[in-house]
Amino acid sequence: MPYKASDHNPYLDKFWEYWPEMYKDLHTFRITGGEPLLAKDTFKVLEYIQEHWEENPNLSLAINTNLSVPKKLIDRLIEIAKDLTENNKVRELIIFTSVEAIGKQAEYSRYGLDYNYFWENIENILTELPKVTVNIMAAFNALSVFTYGELIEKVFEYKKRLYNYKRYWKEAIQLDTSYIRWPSHLSIKILPDEYKELIRKAAEKALYLGGHSVLGNTYGFTNVEIQKIKRTYDYAIANSMFDVEKYRKEFAKFITEYDKRREVNFVDTFPELKELYDTYKE
Amino acid sequence: MIHIKNREAWAFWPTGVCPGYGHNFGNQYINPEYNFDIKMNITFLGKYNDFGCIFSIMPRYISLNWHNENELYVNFNEGGHQYTKVDTNIKVNETFELTIGNKKDTKFYIKINDKEIFTNPTLGSFEDPHMMLGVDGFPCDMDNPSFAEYKLNSFKIFFNNNLIGDNNLENIIHYKSFDKTGNLNFLHRIGNKDDYDKNG
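For the record, the sequence lines run as chains F and R.
Each residue of the first sequence is one higher than the one before, counting from 3 in the numbering used here.
Each residue of the second sequence is one higher than the one before, counting from 366 in the numbering used here.
Take the hints with a grain of salt, since some may be wrong.
[To be verified] For lysine to any residue, the following SDA-like pairs were computed, each having C-alpha atoms within a straight-line distance of at most 25 Å:
1) F:207 x R:536
2) F:198 x R:491
3) F:156 x R:531
4) F:203 x R:380
5) R:521 x R:435
6) F:230 x R:538
7) F:207 x R:537
8) R:521 x F:43
9) F:203 x R:372
10) F:162 x R:453
11) F:207 x R:387
12) F:251 x F:230
13) R:370 x F:220
14) F:172 x R:380
15) F:207 x R:368
16) F:26 x F:45
17) F:156 x R:528
18) F:16 x R:529
19) F:255 x F:271
20) F:168 x R:557
21) F:203 x R:528
22) F:156 x R:539
23) F:162 x R:533
24) F:230 x R:381
25) F:203 x R:535
26) F:230 x R:366
27) F:162 x R:388
28) F:230 x R:388
29) F:207 x R:453
30) F:162 x R:372
31) F:207 x R:540
32) F:162 x R:381
33) F:207 x R:531
34) F:172 x R:539
[To be verified] Label pairs and their computed distance ranges (CB to CB):
35) F:24 x R:493: 51 to 61 Å
36) F:242 x R:462: 21 to 31 Å
37) F:152 x R:384: 23 to 33 Å
38) R:454 x F:178: 29 to 39 Å
For the record, the hints were derived by calculation from the structure and aren't laboratory data.
Just so we're clear, the structure is a prediction, and the values are computed from it rather than from any experiment.
Think of the CB as a built atom: it goes at the ideal place given N, C-alpha and C, for glycine as much as any other residue.
Can you make the complete structure from the sequences, with help from the hints?
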């Protein structure tokens, strides 16, 4: 059973009991979640590192966040991260977040996301923290295909503008593309072939926007970033036992319920998929 | 058209950006086991050093170098650098067709305007072959690269007489030309030593 925030949580007691001893020898500490910035103990840990960093100045620190929390929490994170990175209290700090489309299509896929606020926060983090890298963990799904190419262009603009040699990873931002396999009804395999082609085009765009240190482009998409988009296309077109008809029906059923419960409008947001939805909805 | 000049050399090395991405990367065919032709239309403009290197093939070193209006050399590394003066020359402002090619297990050749100016029974095989345009190696590793200056008017790659790379030299994306065939056989501008010294 999960504990409510108001409940006494014995796991937290144990964490804090072990933490001072554990911290001294930690190589990597990644705070995942839920949403870590909504947990008071996240800031308590960060403040502990601020005060005790001399016990372990080589810590690789990573924090996951959806970057959709109130501004005062983002500002607090930036304030602490500035102290940790500018004063070399950690070896590196990387912030992991997620988005896999742009604009309204991104907001539909991740209910609660304010797309412009999300990028405002990335802008603030990367300009206020010149040693920090943001990693976007994109969960590529059937709703990502139409705007992923534009997302690639947006990420590239940040790579180009905010690249510097102070960052541990040099690049300001990374786009780490993984594809969704479950739930199967959100997989890219439900898509008509013409839309799968958009994934190939997105991978090619990333390749043309690729960088190579020997060739002289120090910023740009890395081999790994490009290959992971190409891999997504390879997955989309690969022969498999995937039951397209079954999962298209489940997709339509899911969308109908999602629209009803979230009070959103799929067809208005994804006119490209209206025909598919209309064909399979009950 | 790409204007290749001092400190602005280019490379044909798509696998250098993303190895394993495509199945038809033309630089992989620079190998004695394949029939290939790389055809370039060039308007030659000059040099910046004793020699102006028009192209070099790496990592096994083969290059075409312009010394002055009387001397054009091929450097073919076969257990040591061997310079061969060829009996054809090019003049400043002259436009010509340069072909670098191979007939499977027969011969490697370089042609200017369809005239064979150099040939060798074997090209020799090497890992991840690539080609530099307008310089004799990686400028980032060299103190005094031999840059040449020319306008590259077209760059095409043929494999078994089929066109697999046709660069639109007007459409440059992030220092890369766009390959109209869709095979991603693009050219890529390359950096210089002091770019790295400056950036750390």
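Against the structure, the hints:
| no. | hint | verdict |
| --- | --- | --- |
| 1 | F:207 x R:536 | 13 Å, holds |
| 2 | F:198 x R:491 | 36 Å, violated |
| 3 | F:156 x R:531 | 28 Å, violated |
| 4 | F:203 x R:380 | 18 Å, holds |
| 5 | R:521 x R:435 | 28 Å, violated |
| 6 | F:230 x R:538 | 21 Å, holds |
| 7 | F:207 x R:537 | 13 Å, holds |
| 8 | R:521 x F:43 | 61 Å, violated |
| 9 | F:203 x R:372 | 32 Å, violated |
| 10 | F:162 x R:453 | 45 Å, violated |
| 11 | F:207 x R:387 | 14 Å, holds |
| 12 | F:251 x F:230 | 28 Å, violated |
| 13 | R:370 x F:220 | 21 Å, holds |
| 14 | F:172 x R:380 | 22 Å, holds |
| 15 | F:207 x R:368 | 24 Å, holds |
| 16 | F:26 x F:45 | 18 Å, holds |
| 17 | F:156 x R:528 | 33 Å, violated |
| 18 | F:16 x R:529 | 63 Å, violated |
| 19 | F:255 x F:271 | 17 Å, holds |
| 20 | F:168 x R:557 | 21 Å, holds |
| 21 | F:203 x R:528 | 21 Å, holds |
| 22 | F:156 x R:539 | 14 Å, holds |
| 23 | F:162 x R:533 | 24 Å, holds |
| 24 | F:230 x R:381 | 17 Å, holds |
| 25 | F:203 x R:535 | 20 Å, holds |
| 26 | F:230 x R:366 | 33 Å, violated |
| 27 | F:162 x R:388 | 29 Å, violated |
| 28 | F:230 x R:388 | 16 Å, holds |
| 29 | F:207 x R:453 | 42 Å, violated |
| 30 | F:162 x R:372 | 21 Å, holds |
| 31 | F:207 x R:540 | 13 Å, holds |
| 32 | F:162 x R:381 | 20 Å, holds |
| 33 | F:207 x R:531 | 18 Å, holds |
| 34 | F:172 x R:539 | 18 Å, holds |
| 35 | F:24 x R:493: 51 to 61 Å | 45 Å, violated |
| 36 | F:242 x R:462: 21 to 31 Å | 48 Å, violated |
| 37 | F:152 x R:384: 23 to 33 Å | 27 Å, holds |
| 38 | R:454 x F:178: 29 to 39 Å | 53 Å, violated |
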